[in-house]
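Chains as they are written, first to last, in numbering that gives the first Met the number 0: chain A, 0 to 466; chain B, 0 to 225.
Where hints are given, some of them may not hold.
Not everything, but these chain B residues come out facing chain A in the computed CB check (under 10 Å) [unchecked claim]:
hint	residue
1	Thr99
2	Phe104
3	Arg116
4	Glu153
Calculated directly from the structure, the hints in this document are not laboratory data.
Since the structure is predicted, the reported quantities are computational estimates derived from the model, not experimental observations.
By construction, the Cβ of each residue, glycine as well, lies at the ideal position given by its N, Cα and C atoms.
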Amino acid sequence: MNTRSLSFRLVTWYAGVLTLVFVVLGSLTLIFLRHYLESAVLDTQARRARQIADTLIASVDRTGDDVMTRQVEELYSPVVNDRFIRITTASGSVLYVSGAPHDGTFVPADIPTLSAAPFSREGVFERKVELPSGSVLIGAVASGHYVVEVGVSTARTEETLRQVLLLLAVGLPVGVLIAVSGGFVLVRRALNPVNQIAHKAEDISQHNLSERLPVVHSGDELEHLSVSLNNMIARLEDAIQTSKQFVADASHELRTPLTVLRGELETLAQDALLKAHTRESLGSLLEEVDRLAEVVESLLALSKLDAGEAITERVRFDLGELVSTTAEQMNLLAEDKGIGVECDAEPAVFVEGDRSRMKQVVVNLLDNAIKYTPNGGNVVLRIAREGDTAVLEVVDNGIGIPTEALPHMFKRFFRVDDSRSREQGGAGLGLSIVKSICAAQGAEVDVTSRPGGGSCFRVRQPLARGV
Amino acid sequence: MRILIVEDEKKLCELIGRALKAERFAVDEATDGHQGWALADSYEYDLIILDLMLPGMGGAEILRRIRLKNQQVPILILTARDATEEKVQNFEAGADDYLTKPFAFAELVIRVKALLRRGPVTRASVLRVGDLEVDRLSQHVKRAGKKIELTPKEYALLEYLASNPGRVFSRTMIIEHVWDQSFEGLTNIVDVYVRHLRSKVDDPFPTKLIRTVRGVGYGLGESTDA
Numbered sequence: 000m001n002t003r004s005l006s007f008r009l010v011t012w013y014a015g016v017l018t019l020v021f022v023v024l025g026s027l028t029l030i031f032l033r034h035y036l037e038s039a040v041l042d043t044q045a046r047r048a049r050q051i052a053d054t055l056i057a058s059v060d061r062t063g064d065d066v067m068t069r070q071v072e073e074l075y076s077p078v079v080n081d082r083f084i085r086i087t088t089a090s091g092s093v094l095y096v097s098g099a100p101h102d103g104t105f106v107p108a109d110i111p112t113l114s115a116a117p118f119s120r121e122g123v124f125e126r127k128v129e130l131p132s133g134s135v136l137i138g139a140v141a142s143g144h145y146v147v148e149v150g151v152s153t154a155r156t157e158e159t160l161r162q163v164l165l166l167l168a169v170g171l172p173v174g175v176l177i178a179v180s181g182g183f184v185l186v187r188r189a190l191n192p193v194n195q196i197a198h199k200a201e202d203i204s205q206h207n208l209s210e211r212l213p214v215v216h217s218g219d220e221l222e223h224l225s226v227s228l229n230n231m232i233a234r235l236e237d238a239i240q241t242s243k244q245f246v247a248d249a250s251h252e253l254r255t256p257l258t259v260l261r262g263e264l265e266t267l268a269q270d271a272l273l274k275a276h277t278r279e280s281l282g283s284l285l286e287e288v289d290r291l292a293e294v295v296e297s298l299l300a301l302s303k304l305d306a307g308e309a310i311t312e313r314v315r316f317d318l319g320e321l322v323s324t325t326a327e328q329m330n331l332l333a334e335d336k337g338i339g340v341e342c343d344a345e346p347a348v349f350v351e352g353d354r355s356r357m358k359q360v361v362v363n364l365l366d367n368a369i370k371y372t373p374n375g376g377n378v379v380l381r382i383a384r385e386g387d388t389a390v391l392e393v394v395d396n397g398i399g400i401p402t403e404a405l406p407h408m409f410k411r412f413f414r415v416d417d418s419r420s421r422e423q424g425g426a427g428l429g430l431s432i433v434k435s436i437c438a439a440q441g442a443e444v445d446v447t448s449r450p451g452g453g454s455c456f457r458v459r460q461p462l463a464r465g466v
Numbered sequence: 000m001r002i003l004i005v006e007d008e009k010k011l012c013e014l015i016g017r018a019l020k021a022e023r024f025a026v027d028e029a030t031d032g033h034q035g036w037a038l039a040d041s042y043e044y045d046l047i048i049l050d051l052m053l054p055g056m057g058g059a060e061i062l063r064r065i066r067l068k069n070q071q072v073p074i075l076i077l078t079a080r081d082a083t084e085e086k087v088q089n090f091e092a093g094a095d096d097y098l099t100k101p102f103a104f105a106e107l108v109i110r111v112k113a114l115l116r117r118g119p120v121t122r123a124s125v126l127r128v129g130d131l132e133v134d135r136l137s138q139h140v141k142r143a144g145k146k147i148e149l150t151p152k153e154y155a156l157l158e159y160l161a162s163n164p165g166r167v168f169s170r171t172m173i174i175e176h177v178w179d180q181s182f183e184g185l186t187n188i189v190d191v192y193v194r195h196l197r198s199k200v201d202d203p204f205p206t207k208l209i210r211t212v213r214g215v216g217y218g219l220g221e222s223t224d225a
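Sequences and hints are given; from them, build the entire structure.
This is how it looks when you write it as structure tokens:
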């Protein structure tokens, strides 16, 4: 289960809150209930003590102590009723104390006698005596020279409280469980359209922008969201359509005059009767036309890559094999400068993509490496697997790139410094094309360099799946 | 030989016309689709050069109509767009060749001649330029009877130059034929290979065969242009 999903987090949160509330309420209930039960029992004991005092003590002058204690025994039979009854004189001597109760919940002899007890104005004093054998609740009444104490064990109230506790301990988890599972189902059902929208959104790419997300007619935020997303896709579709149209129009409007320009100049340049300096000027013009044409081609290629139109095939091919054959075709270019090109390829590094576009990447990177490596230098092409990624490295030991220029290397029309690249030709678009091609087929390209110590361009592309 | 050019860009149309007239072809020019179709429909042409983006009737439509009527005439398509998909569609619709603007005029003329010939001349197994012999079957090169060793790429370059002696080939044309489109823009590679080729084919001999025309490109043997 995804512990970061909205449904999981919502349900966990509510379950936590619910449990906390239940636990707090349960504890408070138990505390108040205990207090209420004990004070009720104490009142009963005090009432009973008052009764004994009123009926028996009032007549003790006539009957004598012995008769009184016998009467208490007869009337209240404390042992059978599990009660504690004790009658003491004001001086502290015990006149009567009941025997051990049947249920054995306390030992009467253990209960300390009252001396100067803080009786209330009505002559009542209530207390709870904690004994090792069990607690006893005692209500005492002072009447004349006598103090009458009536008590009962807390066993019965404790039993009631235990039952309430048991009820809470069983009821609480069951209640929380029902709430959580019900909540989980509800949240899942409510969020289901979100999953559908997400799935569909992942399926929509540049190539099927005319498709739309499913709209949930729920009238809630989700409907709003799906409609907004669809509007956004429509705008995207529009923007890409505009950009495609632009590429088509610009292609036509730029290429046609270039063709005329070049045609006229070519015809002129091949006139045998031309003077030498005119021929030179025409040659120079033609070179500029070529450069212009090259920039136009590069820009159109970039626009097409941006519009997602340029990647036309997706095939499986061996990156190492592509790189080594390309390097072979460019060998003379390196040889001419006395640069050694070494190709260090792991066998069978298969990737998936547009083979000729990938070749263009290799050509551009290798051409750059050769251009910016002085005579007698070295260029190493390394192709290796790293986990499930194919890595192509083009490493040279040439002039390197200044640190401050590194972040800009793939920007359009960027030159490290004007003098060095202009004389090498190129408009500063080669690396942007490399980057756009890589982006278009799910690869990444980056560069590290030490000025004076050479550069390393690294292309990382996921390996082809299967085999 | 009579050629029809349908191209809405007036200057380009005239320019192509002039280049072809210089090659002694009879040329008719049309600057919109309807006019183009009317001409193609009324005369027998040996070749039709057709731009795709035309006012009136589109190039693709003209192509379709011509093919309905006449299966034979070779058709060369000019376009400013280079979507491969479109290219395939037009070949399926009956185009014989395809040129993307901006093209070198030398290329246009070579393609036109190739389309018109379609015959034995270019398929000769031994190409001769001066005292240079290029044997296409064995891929052996001899000059003045002496064998010259070339690498495969040098051979491909020389054979391409020798296929149209006297004509000047642009670097872009050479890249496209000898390498492939991935090398587009890497024109300095051509210069390096030509230099190497020269050192083997020209340097040991008194007459130089490989010609450089600045800004245009390279050629083999004396210029055939007027």
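Tested hints:
no. : hint   : result
1   : Thr99  : holds, 8 Å
2   : Phe104 : holds, 5 Å
3   : Arg116 : violated, 22 Å
4   : Glu153 : holds, 8 Å
Comparing the model with each numbered hint stated earlier shows that hint 3 is the single one that does not hold.
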